[in-house]
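*Asks:* Based on the hints, put chain B in the right spot on chain A.
Sequences listed follow chains A and B, in order.
Residue 170 in this note's numbering sits at position 170 of the first sequence, with consecutive numbering throughout.
If you count the second sequence from 1, you need to add 318 to reach this note's numbering.
Simulated from the structure, these hints should not be mistaken for laboratory data.
There's no promise every hint is true.
Computed, partial: chain A to chain B, Cβ under 7 Å [claimed, not checked]:
{"no.": "1", "residue": "Pro41"}
{"no.": "2", "residue": "Phe103"}
{"no.": "3", "residue": "Ile153"}
{"no.": "4", "residue": "Pro157"}
{"no.": "5", "residue": "Met198"}
{"no.": "6", "residue": "Pro221"}
This one's a predicted model, so the numbers in the text were calculated from it and none came from an experiment.
Just so it is clear, CB atoms sit at the ideal spot from N, CA and C, and this is done for glycine as well.
Single-letter residue listing:
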Amino acid sequence: MSEQPPMIRVEGLRKQFGDFLAVAGISFEVAQGEILGFLGPNGAGKSTTIRMLCGLLKPTAGRIHIDGVDVAADPDALRKRIGYMSQKFSLYQDLTVRENLRFYGGVYGLRGAALESRIGYALEMSGLTAHPETLVSALAGGWKQRLALGCAILHRPRILFLDEPTSGVDPLSRRRFWDLIHDLSTEGVTILVSTHHMDEAQYCNRIALIDRGSIVALDTPGQLKRRSLGGELVRIECASPDRAMQALAALAQVRDVAVFGNSLHALVDNAADAAAAIVERLRTRGIAAARVTQIDATLEDVFVRLVSANHGPAGTGA
Amino acid sequence: MSEPGAEPSIRVAALTKRFGAVTAIDNVTFAVTSGELFGLIGPDGAGKTTVLRVLAGVMAADSGSVQVGGVDVVAYPEQVRARISYMPQRFGLYEDLTVDENIRFFADVFEVPRRVREERAARLLAASGMQRFRRHLAGQLSGGMKQKLGLTCALVHAPKVVLLDEPTTGVDPVSRREFWQILYGLRAEGAAIVISTAYLDEADRCDRLALMHSGGLPYCEAPDALRARMPGAMVEIPTPRARAAREALASVPGVRSVLMVGDGVHVHVDDARKALSDLERALAQQGIEHTGAREILPSIEDLFVALLGNAAAAGRKAGAS
Numbered sequence: 001m002s003e004q005p006p007m008i009r010v011e012g013l014r015k016q017f018g019d020f021l022a023v024a025g026i027s028f029e030v031a032q033g034e035i036l037g038f039l040g041p042n043g044a045g046k047s048t049t050i051r052m053l054c055g056l057l058k059p060t061a062g063r064i065h066i067d068g069v070d071v072a073a074d075p076d077a078l079r080k081r082i083g084y085m086s087q088k089f090s091l092y093q094d095l096t097v098r099e100n101l102r103f104y105g106g107v108y109g110l111r112g113a114a115l116e117s118r119i120g121y122a123l124e125m126s127g128l129t130a131h132p133e134t135l136v137s138a139l140a141g142g143w144k145q146r147l148a149l150g151c152a153i154l155h156r157p158r159i160l161f162l163d164e165p166t167s168g169v170d171p172l173s174r175r176r177f178w179d180l181i182h183d184l185s186t187e188g189v190t191i192l193v194s195t196h197h198m199d200e201a202q203y204c205n206r207i208a209l210i211d212r213g214s215i216v217a218l219d220t221p222g223q224l225k226r227r228s229l230g231g232e233l234v235r236i237e238c239a240s241p242d243r244a245m246q247a248l249a250a251l252a253q254v255r256d257v258a259v260f261g262n263s264l265h266a267l268v269d270n271a272a273d274a275a276a277a278i279v280e281r282l283r284t285r286g287i288a289a290a291r292v293t294q295i296d297a298t299l300e301d302v303f304v305r306l307v308s309a310n311h312g313p314a315g316t317g318a
Numbered sequence: 319m320s321e322p323g324a325e326p327s328i329r330v331a332a333l334t335k336r337f338g339a340v341t342a343i344d345n346v347t348f349a350v351t352s353g354e355l356f357g358l359i360g361p362d363g364a365g366k367t368t369v370l371r372v373l374a375g376v377m378a379a380d381s382g383s384v385q386v387g388g389v390d391v392v393a394y395p396e397q398v399r400a401r402i403s404y405m406p407q408r409f410g411l412y413e414d415l416t417v418d419e420n421i422r423f424f425a426d427v428f429e430v431p432r433r434v435r436e437e438r439a440a441r442l443l444a445a446s447g448m449q450r451f452r453r454h455l456a457g458q459l460s461g462g463m464k465q466k467l468g469l470t471c472a473l474v475h476a477p478k479v480v481l482l483d484e485p486t487t488g489v490d491p492v493s494r495r496e497f498w499q500i501l502y503g504l505r506a507e508g509a510a511i512v513i514s515t516a517y518l519d520e521a522d523r524c525d526r527l528a529l530m531h532s533g534g535l536p537y538c539e540a541p542d543a544l545r546a547r548m549p550g551a552m553v554e555i556p557t558p559r560a561r562a563a564r565e566a567l568a569s570v571p572g573v574r575s576v577l578m579v580g581d582g583v584h585v586h587v588d589d590a591r592k593a594l595s596d597l598e599r600a601l602a603q604q605g606i607e608h609t610g611a612r613e614i615l616p617s618i619e620d621l622f623v624a625l626l627g628n629a630a631a632a633g634r635k636a637g638a639s
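Here chain A stands alone, though its shape is the one from the complex (with noise of 0.2 Å):
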């Protein structure tokens, strides 16, 4: 990936709506084929980016390329290459399957045969070659999840954007639609999600983290789940987690503490050296037979250490 220049460069992009600095300044890019994940909670900025990097929103300041294209320059020839599908799927429900097809296809300005053959690809990537005649107001959310997405993409973008593409779907169409994106980007698409959902973040080969308009790291999952934390996350299973907590919170070992269903997670600097410690500590307080063993660290774990070293006075982190 690393030959080729990047598909999308973004330097010093920032955008201010009166007092309110809703992008502070960002610079990131996203080589071809790459799936990069906007990941956030409301208000952190993610959709106001991704409107200026569609050219739907003036940037205050800074640059964005995408494709060889200068954004600010040329907005048209950055339409033809770019496709986008919001949350809200933007469907016409009294309108047919065929009927959404040839609508997009038409806004996308494709004609005639060439049309027919997109919109059968579209019907067969979404598995809904059976029922171009529905209503699309009949279909389940999974189906119509998989259509918006045939739309965004009739007309061969070399970018996709996705704006919380899976939010209330069941699991099983979810699972369905990442491995639709997952084709696409192995075709050489790039695709640029944002979701406030932390077990959506997985499916990303990137993760930005972005809290109040700033990226907060920029990595794999995997590299933030090992490295951000900045020690190792354990769980302590024993009797009267509430109890426990408190007598844990002042250990020298334990970094911070916290309920977790009927257990307690632990950020600790060495889960085999806190391991002890902490046993003892519960045994000396009537705690007996606690068990602590390691555990995987989420990317909501990393997500509120690094938010929370962000702001100022941590301590929500377990």
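*Replies:* Chain B alone, transformed into the frame defined by chain A:
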């Protein structure tokens, strides 16, 4: 969390609710005890909201019974309403009142004495990091703050039964953790809590959870017990060539399915110990570079797909809902 044999705070038996031809709740039975945090987990449209509405006494069921604290919800809805706290997806905050004024209003509705109210409100606002905003108008708060204020208002009368409908939807991860710590405090006070969520990664935070699917509750257990039902095991293999790896591994004996993730594949196998060397060998044969395969704990989403995936697919007419 609860004493064995404790009288359930919530007892639901053979509950069914239809909307026209759609069965929103399909013969559902469960009980929640004092000091228990019970999760209703499932995608949009599974029936979570309908269950909570019936429990709260704001919607009548077609058949079945619901008792809260030993009182029949259908026969005595008013009596039940005084014992519970119900937070719907859109909690009715007064946007033109301040945070403090909203709390006071809800405390007055439930006749909470002033001293108790002040002590409780201070504790809840501290736990959710909202003390600084007490004089702000509710309408000016962010989405996550509104949800936290809604929870504070819903809990100010120290309810014994708490019903929360997707309270963490759209809430940022930091606020979400504060939210759960408040719920654990409430649990320690002995409340029975039912919470619904579409975020499957929240399931592990519950004492017991019900996977809700097409109006039914086919699985209802502690997260660890539910994991033990997972047929086979999950193996993680980091590789830059996820798609090639999936093709190479799909036909290896003992492989049930292969899921591509951002930096590798998750492989669902019959037996992790037996499969590890076979998987490594298959990748080596195809020259697919990768780092060490290792068994990982299945996620609740893995479970959902493994246990309900086929039912979910069969439950729908092809293409139409």
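*Asks:* Give a verdict on every hint.
*Replies:* To see whether the hints hold, each was checked on the structure:
Contact between proline 41 of chain A and chain B, as hinted, is supported at the beta carbon level, the nearest pair being about 3 Å apart and thus within 7 Å. Hint status for phenylalanine 103 of chain A relative to chain B: violated, with the closest Cβ pair at about 19 Å, above 7 Å. The beta carbon of isoleucine 153 of chain A comes no nearer than 18 Å to any beta carbon in chain B, farther than 7 Å, and the hint placing it at the interface is violated. The beta carbon of proline 157 of chain A is not positioned within 7 Å of any beta carbon in chain B (closest approach about 20 Å), and the interface hint is therefore violated.
Here the hint on methionine 198 of chain A is kept, as its CB sits about 6 Å from the closest CB of chain B, short of 7 Å. The criterion of a C-beta within 7 Å of any C-beta in chain B is met by proline 221 of chain A, whose closest approach is roughly 5 Å, and the hint holds.
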